[in-house]
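Line order of the protein sequences matches chains A and B.
For the first sequence, my numbering assigns the number 1 to the initial residue and increments by one for each residue that follows.
For the second sequence, my numbering assigns the number 214 to the initial residue and increments by one for each residue that follows.
By construction, these hints were calculated from the structure, which means they are not laboratory data.
Virtual Cβ for every residue (Gly too), placed ideally from N, Cα, C.
Careful, some of the hints might be misleading.
[Unchecked claim] Estimated spans, in silico, between C-beta atoms of each pair:
hint: 1; chain 1: B; residue 1: VAL496; chain 2: A; residue 2: LYS123; range: 37 to 47 Å
hint: 2; chain 1: A; residue 1: ASN96; chain 2: B; residue 2: GLN230; range: 30 to 40 Å
hint: 3; chain 1: B; residue 1: ILE232; chain 2: A; residue 2: ASP101; range: 47 to 57 Å
hint: 4; chain 1: B; residue 1: LEU453; chain 2: A; residue 2: GLY121; range: 44 to 54 Å
hint: 5; chain 1: B; residue 1: ALA348; chain 2: A; residue 2: GLY162; range: 51 to 61 Å
hint: 6; chain 1: B; residue 1: ALA466; chain 2: A; residue 2: ILE172; range: 24 to 34 Å
hint: 7; chain 1: A; residue 1: GLU52; chain 2: B; residue 2: ASN554; range: 39 to 49 Å
hint: 8; chain 1: A; residue 1: ALA111; chain 2: B; residue 2: PRO262; range: 54 to 64 Å
[What the hints assert, rightly or not] Straight-line distance between alpha carbons at most 25 Å, and here's what the computed SDA-like set of lysine to any residue pairs gives:
hint: 9; chain 1: A; residue 1: LYS159; chain 2: A; residue 2: LEU181
hint: 10; chain 1: A; residue 1: LYS65; chain 2: B; residue 2: GLU351
hint: 11; chain 1: A; residue 1: LYS45; chain 2: B; residue 2: MET229
hint: 12; chain 1: A; residue 1: LYS24; chain 2: B; residue 2: VAL233
hint: 13; chain 1: A; residue 1: LYS65; chain 2: B; residue 2: GLU245
hint: 14; chain 1: A; residue 1: LYS24; chain 2: A; residue 2: ASN6
hint: 15; chain 1: A; residue 1: LYS123; chain 2: B; residue 2: SER260
hint: 16; chain 1: A; residue 1: LYS45; chain 2: B; residue 2: GLU245
[What the hints assert, rightly or not] A few chain B residues that don't get close to chain A, going by computed Cβ distances all over 12 Å:
hint: 17; residue: PRO236
hint: 18; residue: PRO288
hint: 19; residue: ILE307
hint: 20; residue: THR312
hint: 21; residue: SER315
hint: 22; residue: SER325
hint: 23; residue: HIS327
hint: 24; residue: MET345
hint: 25; residue: LYS376
hint: 26; residue: ASP412
hint: 27; residue: GLN459
hint: 28; residue: PRO474
hint: 29; residue: THR494
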Amino acid sequence: MQYFINSEGAVVLSLVIKSIQENKDYLGAVDGEIGDGDHGVNMNKGFSMAGERIEAQHGYSDACKIIAEALMDDIGGSMGPLYGSFFKTLWRQSRNLERIDAVEYLGMLKAATASVKEIGGAKVGDKTLVDTLEPACAAFEAEVISSSDFDSALAASIKAAGIGRDSTKEMIAQVGRSARLGERSRGVLDAGAASSFIIMESMHTAIRAILHG
Amino acid sequence: MRESRFLTKSFNHKSMQRIVNNPDDLVNEMLEGFVEVHSDLVRQLPSNPRVLKYIKAPVPGKVGVITGGGSGHKPAFIGYIGENMLDAVAAGEIFSSPTAKSFRDAIKAADSGHGVAVLYGNYSGDNMNVKMARADAEDDGITVKTVVANDDVASAPKSQPEKRRGVAGEVFMWKVGGAKAALGGNLDEVIAAAQKAIDHTRSVGIGLSSCTIPAVGKPNFHIEPGTMELGIGHHGEPGLKITEIQTADEMAAMCLDLILPDLPFESGCEVAVLVSGLGATPVSELYVFYRKVSQILKASQISIHRSYVGNYFTSLDMMGVTLTVMKLDDELKNLIDLPCNSIGLKQF
Chain A
1 MQYFINSEGA VVLSLVIKSI QENKDYLGAV DGEIGDGDHG VNMNKGFSMA GERIEAQHGY
61 SDACKIIAEA LMDDIGGSMG PLYGSFFKTL WRQSRNLERI DAVEYLGMLK AATASVKEIG
121 GAKVGDKTLV DTLEPACAAF EAEVISSSDF DSALAASIKA AGIGRDSTKE MIAQVGRSAR
181 LGERSRGVLD AGAASSFIIM ESMHTAIRAI LHG
Chain B
214 MRESRFLTKS FNHKSMQRIV NNPDDLVNEM LEGFVEVHSD LVRQLPSNPR VLKYIKAPVP
274 GKVGVITGGG SGHKPAFIGY IGENMLDAVA AGEIFSSPTA KSFRDAIKAA DSGHGVAVLY
334 GNYSGDNMNV KMARADAEDD GITVKTVVAN DDVASAPKSQ PEKRRGVAGE VFMWKVGGAK
394 AALGGNLDEV IAAAQKAIDH TRSVGIGLSS CTIPAVGKPN FHIEPGTMEL GIGHHGEPGL
454 KITEIQTADE MAAMCLDLIL PDLPFESGCE VAVLVSGLGA TPVSELYVFY RKVSQILKAS
514 QISIHRSYVG NYFTSLDMMG VTLTVMKLDD ELKNLIDLPC NSIGLKQF
């Protein structure tokens, strides 16, 4: 298939939530290298809260909104507004769609990434989640343009997200709390880049599973 | 393993010497206890337990003054709610910004129709959540203006004030902003006074040990026994340098060496001084530190108008001290002298 049905898509976010839960300790350890180590705890708390609120009648867009609200209204920190904006934008862009195809999904992904950049003020190279999201988005777009195939665009974006995440290792943090480390922030992954990879990978893997039927 | 100042080893929370139940409930349970003890001054919003307000807020005719921040800095932030001080405070998780919703609810709780000043520290989470809350509150017809504290000289060079963090100087900003509002200042006047307060204030900290977020269960970073970190941040952000531990007198001199030339504070000026412990340093040692601060300032012909020594803005169980100095003019002097009644600061 070249699309998925919005009302049947909540399962996509369920996999995202499960992946965040499973990676709680990993994210804590990554954050502990140059941050205060609470990234796994806070992400797990927010996504688990959302998980409890997602019910059978909810679709993909509904579930995005539920995650956004849990992060924005119950978690706070930096990840609340950043991922809150990301999922809120996915919801806003998709709420009136019955079917979501590659072109629509590209628009959603671009708008959601733009919203993260707008609220956080980070750009590629600053050692943040933008270093994962932006290349993932660009790879998705390039593949849609060249092959028009939703599935291969999702696969390309997962690959690019991983490369983007790994690129933060050699960067010096420019924004956020770790920016104060300067040169000492080099050599470890950014925790936001790591969690956004988990989100992109799980979300896109779940959509691919639906496309494969 | 990579040489790292940051520990990655996990500890069971039972190995921490801390007074907690489930660490995830710490903030909620702390607030529950706090509002019961201080029911003469503060109240929890029924609609949002993460927001505390002054019992008389919104004070009719007065500009609302609020702040918010991560928990773990007692008595900041909620301890500065009270008469001639803050009207409401949004509380976050430990070391993590409050939600935009909590900031918005604090703004609403403080607004008497004359607008609200949000006086907060320069951290990325707080910046984002305040930005969103401000937009929401303005949609509801509330005028909101902000001052962002950046008094920590060690957090970025002087040429990059937008990168500097807010630390204990925020107490002076709240005191001055709260006093200006209490004396009938309009929103622009309250904002101007609070901005002047923080612009005239410089701080620097020294860390002697790490601190542990109970839900994380292991120290945030590591300071070798026998060493100290000059310029440490309020969450253990790295400082300017790690040195062998110095005497109290030498520590005071090192802090003033960073603070005095930065503003600069010149001979003949009058200042207010605030020495705060970081949580686990005995208060008696803060007075030893203060003694030398006072001696150096006097030798520099800088006169101390008023001093505060104690735990005013802490970082969980970190050992260490922060020094904050504010240069006074007539307006700031009047505002800093105004009586106030809050849990963290009482002046009669």
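To see whether the hints hold, each was checked on the structure:
1. VAL496(B) with LYS123(A): 37 to 47 Å: holds (45 Å)
2. ASN96(A) with GLN230(B): 30 to 40 Å: Violated, at about 55 Å.
3. ILE232(B) with ASP101(A): 47 to 57 Å: Taking Cβ atoms as reference, ILE232(B) and ASP101(A) lie about 55 Å apart, which means the hint holds.
4. LEU453(B) with GLY121(A): 44 to 54 Å: violated (25 Å)
5. ALA348(B) with GLY162(A): 51 to 61 Å: Violated, since ALA348(B) and GLY162(A) (Cβ atoms, about 35 Å apart) do not stay within the stated range.
6. ALA466(B) with ILE172(A): 24 to 34 Å: holds (32 Å)
7. GLU52(A) with ASN554(B): 39 to 49 Å: holds (42 Å)
8. ALA111(A) with PRO262(B): 54 to 64 Å: violated (34 Å)
9. LYS159(A) with LEU181(A): violated (29 Å)
10. LYS65(A) with GLU351(B): Satisfied, since the Cα-Cα distance of roughly 23 Å is no more than 25 Å.
11. LYS45(A) with MET229(B): Satisfied, since the Cα-Cα distance of roughly 22 Å is no more than 25 Å.
12. LYS24(A) with VAL233(B): holds (21 Å)
13. LYS65(A) with GLU245(B): Given that 25 Å is the threshold and the Cα spacing comes to 30 Å, the pair is violated.
14. LYS24(A) with ASN6(A): Roughly 28 Å between the alpha carbons, so the hint for LYS24(A) and ASN6(A) is violated.
15. LYS123(A) with SER260(B): violated (37 Å)
16. LYS45(A) with GLU245(B): Holds. LYS45(A) to GLU245(B) sits at ~21 Å (cutoff 25 Å).
17. PRO236: violated (9 Å)
18. PRO288: Per Cβ check, PRO288(B) is outside 12 Å of chain A; nearest 21 Å; holds.
19. ILE307: violated (7 Å)
20. THR312: About 4 Å separates THR312(B) from the closest Cβ of chain A, which leaves it inside 12 Å; violated.
21. SER315: Given that some Cβ of chain A is not farther than 12 Å from that of SER315(B), nearest at about 7 Å, it is violated.
22. SER325: holds (25 Å)
23. HIS327: holds (27 Å)
24. MET345: violated (6 Å)
25. LYS376: Its Cβ does come within 12 Å of chain A, the nearest being 7 Å, so this is violated.
26. ASP412: holds (21 Å)
27. GLN459: holds (23 Å)
28. PRO474: For PRO474(B), whose nearest Cβ neighbour in chain A is about 21 Å away, the distance exceeds 12 Å, so it holds.
29. THR494: Non-interface label on THR494(B) holds, nearest chain A Cβ at 20 Å vs cutoff 12 Å.
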